[in-house]
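From just these sequences and the hints, can you work out the full model?
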Amino acid sequence: MGSRTLPNVRSPLSSPIPPASSPLRNHRWRVSPFPSSTRPSRCLRPIECAVRFRPCIDIHKGKVKQIVGSTLRDLTEELSLITNFESDKSPAEFASLYKQDGLTGGHVIMLGADAASQSAARQALRAYHGGLQVGGGINLENAMSYLEEGASHVIVTSYVFSDGKMNLERLKHLVHMIGKQRLILDLSCRKKDGKYAIVTDRWQKFSDVFLDEQTLEFLATYADEFLVHGVDVEGKRLGIDEELVALLGCHSPIPVTYAGGVTTIADLERIKTAGKERVDVTVGSALDIFGGDLAYKEFARSRSSIKQQNFDIANANKSVVSDKEDKTQSFSTLRACQGAKFTSLKLIIMSASLDARGFSEYFGGAKAVHIQGRQHPVDILYTYQPEPDYMDATLITIFQIHLEEGLGDILAFFTGQEEIEAVGRLVHEHIHQLPEGSQQLITVPIYSSLPSEQQMNAFKPDPYGFCKVILATNIAETSVTIPGIKYVIYPGLVKARSYNPVTGMELLIIIPTSKAQALQRSGRAGWEGPGKCFRLYPEREFGKLVDSAVPEIKWCILSNVVQQLKALGVDDIMGFDFMKKPSRMAIVKSLEQLLLLGALTDDYKLSDPIGRQMARLPLDPMYSKALILAGEFKCMEEMLIVVAMLSVGSIFFFPRKKMEEAKAARKRFSSPEGDHISLVNVYRASAECLEKSRAATSKEKTIEKALNKWCRENFINYRSLRHAQDVHSHQDYEVAISF
75 MGSRTLPNVR
85 SPLSSPIPPA
95 SSPLRNHRWR
105 VSPFPSSTRP
115 SRCLRPIECA
125 VRFRPCIDIH
135 KGKVKQIVGS
145 TLRDLTEELS
155 LITNFESDKS
165 PAEFASLYKQ
175 DGLTGGHVIM
185 LGADAASQSA
195 ARQALRAYHG
205 GLQVGGGINL
215 ENAMSYLEEG
225 ASHVIVTSYV
235 FSDGKMNLER
245 LKHLVHMIGK
255 QRLILDLSCR
265 KKDGKYAIVT
275 DRWQKFSDVF
285 LDEQTLEFLA
295 TYADEFLVHG
305 VDVEGKRLGI
315 DEELVALLGC
325 HSPIPVTYAG
335 GVTTIADLER
345 IKTAGKERVD
355 VTVGSALDIF
365 GGDLAYKEFA
375 RSRSSIKQQN
385 FDIANANKSV
395 VSDKEDKTQS
405 FSTLRACQGA
415 KFTSLKLIIM
425 SASLDARGFS
435 EYFGGAKAVH
445 IQGRQHPVDI
455 LYTYQPEPDY
465 MDATLITIFQ
475 IHLEEGLGDI
485 LAFFTGQEEI
495 EAVGRLVHEH
505 IHQLPEGSQQ
515 LITVPIYSSL
525 PSEQQMNAFK
535 PDPYGFCKVI
545 LATNIAETSV
555 TIPGIKYVIY
565 PGLVKARSYN
575 PVTGMELLII
585 IPTSKAQALQ
595 RSGRAGWEGP
605 GKCFRLYPER
615 EFGKLVDSAV
625 PEIKWCILSN
635 VVQQLKALGV
645 DDIMGFDFMK
655 KPSRMAIVKS
665 LEQLLLLGAL
675 TDDYKLSDPI
685 GRQMARLPLD
695 PMYSKALILA
705 GEFKCMEEML
715 IVVAMLSVGS
725 IFFFPRKKME
735 EAKAARKRFS
745 SPEGDHISLV
755 NVYRASAECL
765 EKSRAATSKE
775 KTIEKALNKW
785 CRENFINYRS
795 LRHAQDVHSH
805 QDYEVAISF
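Numbering (the working numbering), first residue to last: 75 to 813.
None of these hints come from the bench; they were simulated from the model. For glycine and all other residues, C-beta sits at the position ideal for the given N, C-alpha and C. Heads up, some of the hints might be wrong.
Per label pair, the in silico range of CB-to-CB distance [claimed, not checked]:
| id | residue 1 | residue 2 | range |
| --- | --- | --- | --- |
| 1 | E613 | L670 | 34 to 44 Å |
| 2 | R758 | Q174 | 43 to 53 Å |
| 3 | S236 | D463 | 28 to 38 Å |
| 4 | P535 | K569 | 46 to 56 Å |
| 5 | T338 | D646 | 45 to 55 Å |
| 6 | E613 | I422 | 46 to 56 Å |
| 7 | E580 | G238 | 26 to 36 Å |
| 8 | P535 | S236 | 15 to 25 Å |
Using 30 Å as the maximum straight-line C-alpha spacing, the simulated DSSO-like pairs for lysine-lysine come out as follows [said to hold, decoys possible]:
| id | residue 1 | residue 2 |
| --- | --- | --- |
| 9 | K137 | K534 |
| 10 | K779 | K163 |
| 11 | K173 | K163 |
| 12 | K732 | K655 |
| 13 | K654 | K679 |
| 14 | K569 | K628 |
| 15 | K655 | K441 |
| 16 | K766 | K732 |
| 17 | K279 | K137 |
| 18 | K569 | K655 |
| 19 | K783 | K731 |
| 20 | K163 | K775 |
| 21 | K137 | K441 |
| 22 | K346 | K269 |
| 23 | K534 | K766 |
| 24 | K654 | K618 |
| 25 | K589 | K628 |
| 26 | K779 | K534 |
| 27 | K265 | K350 |
| 28 | K420 | K279 |
| 29 | K708 | K731 |
| 30 | K773 | K731 |
| 31 | K371 | K163 |
| 32 | K420 | K269 |
| 33 | K589 | K246 |
| 34 | K779 | K737 |
| 35 | K741 | K779 |
| 36 | K350 | K371 |
| 37 | K773 | K163 |
| 38 | K163 | K137 |
| 39 | K569 | K618 |
| 40 | K420 | K655 |
Quick look at the structure:
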């Protein structure tokens, strides 16, 4: 390959795009054999210690029905359809019943893509906002709309398992858009050649994916829960598929719900035993509300009293942790779980970038398995001299690649939103300098605070005659895989957190990258074919970089970690075997904070009841103590709103072209009592908007459009607001069962 150049002398800001001025050197490079992924930070969450009843609403042509699952067909007259029951009550009425009885985690399943079923499902979600999950025809285009209607989760099968195979890219894009914590994978299956094959398309098409330990562990990194129908017994009331329940109980690392064949109370006992008390259950045709013999009220009375506990590690036999960053907080907590009290706990750590040897040694010489990912050769190119202005160098390199290299999209990394907007503006200012007849450039930003619908522009195909330039933060390093990327531009800088335990302040600072991060970002160019990475620094500088980024536990506030360890029975925090030892000062400050909050006694034991109540809430200790005090001061609702709004990032959106209008809009909600009260004002104003819309119409789409319009007019991030509403509902439930 011939030499290349990077312009590091002349700038295009006041002159045409300059010729190359400083040669690059290059060498052949392949990324290390770890697959990149969209895996979220971890998939540990509470697992029930007894059979939990999950209610259901099966909708067929707008009606609530109980159908023998294996008889569903795409036939006009549906001659083969066997219906056990059809209700004269609407789906919304069933949803209201479940809400009244305090049942959560119920499933609304659309047994068909007809408009009547979709409308009925949305009405049910509206009737029990945040209490139901929805499935049936869910895909990338409509998933967010159902969540915005009020679903706590969306349930997906056919979109991910299409044409008999698993489409991992679709799954990754879906996780990126809605988040792993709101996704349930329906792994309904039928026996084929003695094994359980996942089935799709009304359970009629067999996929080539079989339900086993390996499949469950892999898919657990992308979903919050599993839903599994035993299709061979579904709706037949002939008893459960005990073998399938046992498989789920033994091997599912995340919560899983089984459905199919329950007829008697004895079946529930069999599920409890075979599933090792780790499998929830959905009962349909056997309930009296669906024409069966089992009393629904008995289920509602007994099962609604089961409180969802925080992570009951003693009842877990396997946990999967998948990281896009070095989450050593989690690993240290899990190490504590592997003490004498939890010797049977197995940990499976999956990563695209972590130091496998270090983790193997920390966990007692555990085996490390390297999986060869799909990776094409990537040429790494360096400058001869350091670039004094990396943004200017990035701008010129974009045009140089566009003019001198072959076809392919460009991914340029930056440290933040401000840099992305500045370079995007400069690219547009200089597009007119491109020669006639050349492809045009289109810039697409992607960063975490950007509304999701705008983030999705990065995944759309290029318009005809255009080359796409993705301007991204570290969200594009491991969180997403953007198709079409052939060239990567990387200045070698990242924005990282820094924590000073003396002042108690967290800072965001720009620092040189690590070697691991540089390799990870270069790999983005080799996903679909051979590519090139243009590093805007000399090769000698790469050798000076640290091997990996500073681990999280070195720069974070440790109060939550210390509280978790105390709750697990670890008394000697100073002597605890952390994977990466935090500073003594950081541990001391965390203990002092917990002591001041009343979470610890004078001898540094977890206090009772305050400390134990705080430990049960999955929140920062400051937030959990605030909620406890809110109960005493009769302001629980306001504090729940504040905590929810602080948990979702930026609520306000400031587009560069309408900055003054956005500031004026924010001022309308501001309060002299502080930013927290301003957030309460935003939340209540949005609730008032929803109430007015619902008083004017019963059409859920119209209501959501009205809220979306209100958000745009007030420069509120619609997705963040809806997320805050979901968090508020969940926290309300957590507080109710913890205090």
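query: Any hints this thing doesn't respect? Which numbers, in order?
result: Hints 1, 2, 3, 4, 6, 7, 9, 12, 21, 23, 28, 29, 30 not satisfied by this model.
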